[in-house]
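Peer 1: Please build the complex by placing chain B on the supplied structure of chain A, with the hints as guidance.
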Amino acid sequence: MFELKNVEKRYMGVHVLKGVDFRIDDGEIIGLVGENGAGKSTLMKVMYGAVQHDAGSVLVDGAAVNFRSPRDAMKMGVGMVYQEQSLIPNLTVMENIFLGFEKPFVRFGAIRWKKMAQAARRQLAKVKLDIDPATITSHLTFAQRQLVELAKVLALEERVEGRLVILLDEPTSVLSRDEIDLLFSVVRALRRRASFIFVSHRLDEIIDLSDRIYVLKDGSVVDVLDARHADIGTIQKKMVGRDINTEYYREDRQAPYDEDKVLLELDHVRIAGRGNDVSLRLHAGEVLALVGVEGSGREPILRTIFGMLKPEKGTLRIRGEPMRAFSPARSVAHGVGYVPRERKVEGIASGMNVFENMTLSQMRNYSRGGVLDIGAERALAREWIGKLSIKVPSEYADCGNLSGGNQQKVVLAKWRSGGSEIILLDHPTRGLDIGAKVDVYGMIRDMSAAGVGIILVADTLEEAIGLSHTIAVIKDGEIRKWFNCQPGAKPSLYDLIQHMV
Amino acid sequence: MNRFLAMDALRKWVPLLVLVGLCLFFTVVNPNFLSLRNFARIAISATPALMVAVGVTFVILMGSIDLSMEGTVAVCAVLFALALNALGGSIAGWGWVAIPGALLVGAALGAVNGMVHVMLRIPSFMASLSLGFVGIGLSLLITGGNRILIDDPLFRSLLTVRVWGFPLMAYAALGCLLVAWFIQDHTTMGRNFYAVGGAEDLARASGLDVGRLRIIGFVLAGVFYALGAIFAVARLGIAETETGRNFMFMSITSVVVGGTALRGGAGGVWNTLVGVLIVNVIGNGMVVIGLADYFQDGVLGLLVIAAVYLSTNRQSLSFVK
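Chains A and B, in that order, give the protein sequences. When we follow the numbering used here, the leftmost residue of the first sequence carries the number 1, and every step to the right adds one. When we follow the numbering used here, the leftmost residue of the second sequence carries the number 502, and every step to the right adds one.
If you are wondering where the hints come from, they were derived from the structure by calculation, not from laboratory data. Some clues are possibly wrong.
[Stated by the list, open to error] With a cut-off of at most 20 Å between alpha-carbon atoms, the simulated EDC-like pairs for lysine to aspartate or glutamate come out as follows:
#	chain 1	residue 1	chain 2	residue 2
1	A	K310	B	D710
2	A	K114	A	D130
3	A	K481	A	D495
4	A	K313	A	E265
5	A	K114	A	D132
6	A	K126	A	D26
7	B	K513	A	D398
8	A	K481	A	E462
9	A	K310	B	D702
Okay, chain A solo, but in the shape it has when bound:
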């Protein structure tokens, strides 16, 4: 039996887990559901020892334990099957299974491969996977790798006393229907050896596989349901169910967009690696939100529009002109700006100051014959620092030291000052505090009013509904449903979720 009692966790002042109680009995399968940001992944991390809780206790068979690392947790029989697969692709299957636990196979400092292969075969048999343990892992399919991960965790059985607790984080997101069925049958067959905690966005799978379902919202467990009596609708209501404040998203400032002016058009564009066509139109002054669960294919659409991915077929038109070359340089030249999710990687150059960051995409406008006009750059930076009330000591401040909200303002200023008319926003408010969020919402409204077309991948559904004129629901890489989002006639969370999962 594995238990959490009143577990608390804060990250930099944000209360992520608020007194979570959780219990799993031997042989039980528990489903764990919640929106993005509800605290699911933090809760999982506490369970398998990747982060330490601030208060409360973790109990294994009634005894309090303190996991300082995933390895500690593994010694107590708690193992994790990662969503981002944790197998090392250039090693063999058996090396991966026993990575860090090679000791039983070592004699006089040398590994006895035959003995390891035998042991690996035994683990693979548990998950009904019939492959040579000496296969290089990168040669396996995703489904096979998922089973190897499971076998790796099951290998703990021989090293720890008592039953195992195995965490499955979104194990089905990359699998086909048949592979999912296979995985589920393996999990069910393993119940007498281990209990499972299963996290998924697909509620039908959760109901199908689990015994009980924990619903997490804003860092607390809001309900524990018996899976036999649960249905998708009630779970969804418990997952969301909060009031949307129309003031917050500045809905009063939402003006109708210009229907005659199409800025961007995707005409049956096939996104690389996805089988489906995507068609959409973005008008001047429109905010178009793409909603869908993690991994549903929103980001590849943005990246294709920005030229970072080349479409397999179809036509992409910017202001009616079909694009032939695909590169960020082309997109920037055509007035497309991209505010990426990973601000630290693709948004802000830390080590460079405010004006250097702002003019990076438009240095041609601030130089003559390759010689920079630093005076003009500084004037531009000062103008936008004032316009967006960016809190910096001066335009010489290193952007790496700014708060997330101020960094985001610098990124937006960079594209706006360069005259970008099509702006792609990927999670623009991720990691920002409330005040900074409201500022960003205000900037989005300002841009709309100035005739800029915006494609938004929002941090939450409420944000998407609150900000957008139009919503496209994406599932498995294709647009499943369009919603019109005029103020006063906005769709509800429930309307959207129905088409997402």
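Peer 2: Coordinates of chain B only, in the frame set by chain A:
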């Protein structure tokens, strides 16, 4: 947070403090160190190295590395000397053409280097190391292993004519350094070097042509290697394959000791000036206090490790390969 900022501010000045500390140390041990004559000696030995180190600074700022300088310097030096002698033997006559000619050769070698790196997608480490050997071989092929003597008094005046105790070449190198600083701080090219070195994905997402920029960086480095070659020839009056010798370790050491980060994006040509001076002060100071020269190499090696340890913020690196 404040403590980190303070550390960062301090880290910036570490190389200069080390330079001052070294000068004080050698002066205390032997007061002769602190004389105009000795400083002029340091300046002469540092001049060619400064040019080569400034060249490689641009490449390192981009986060790449260039190890081809020994070959490039050797080729530029012998071609320069051959051209100068063939064109009348004096830069007062048509011989001056040899100077821009050498710079063009340096640029061309740099271009080859950059194109091999970018277009064939070979890591800059490997591409430049290999092409450096090709350059050394090429210079041997041209000279047949012989030395080429230069006895143009006007050209040699770079060394022989002194103003306020320092030879002309020191002032010429200072002029080139100012040009390098202008490129670094006041041109789009220089700004882009920092952007690519600091955040390559961001640079690409901002619409920069990163591949083209890298090639330009290697070309610029090649031009400065050629300048280094010309000063090296002026110093000794001789051009041969050996002219390029030792520049690789010296220049990379100088750049790193000066505080330019090997991962790119931070540092610059003024750091390199300080680094070159540190390396040459150590070399000179050890002679002045009477240590054997095999000590110098050992001390320099330790110094690089100390410099990397002090100048990089390893907390931000999760993993060092």
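Peer 1: Each hint: holds or not?
Peer 2: Going through the hints against the structure:
Taking the CA atoms of A/K310 and B/D710, the gap is about 17 Å. The hint holds against a cut of 20 Å. The hinted pair formed by A/K114 and A/D130 meets the criterion: a straight-line CA distance of about 17 Å does not exceed 20 Å. For the suggested pair A/K481 and A/D495, the alpha carbons sit about 10 Å apart, so the restraint of at most 20 Å is met. For the proposed pair A/K313 and A/E265, the alpha carbon gap of about 14 Å is at most 20 Å, so the pair holds.
Under the criterion of a C-alpha separation no larger than 20 Å, the hint pairing A/K114 with A/D132 is consistent with the structure, at around 12 Å. With a C-alpha separation of about 18 Å, the suggested pair A/K126 and A/D26 falls inside the 20 Å cut-off, and the hint holds. With a CA separation close to 14 Å, the supplied pair B/K513 and A/D398 stays within the 20 Å bound. Simply put, A/K481 and A/E462 have alpha-carbon atoms about 17 Å apart, close enough for the 20 Å limit, and the pair holds.
Proximity of A/K310 to B/D702 is assessed by CA-CA distance (about 17 Å); at most 20 Å being required, the pair is judged to hold.
Hint violations for this structure: none, all hints satisfied.
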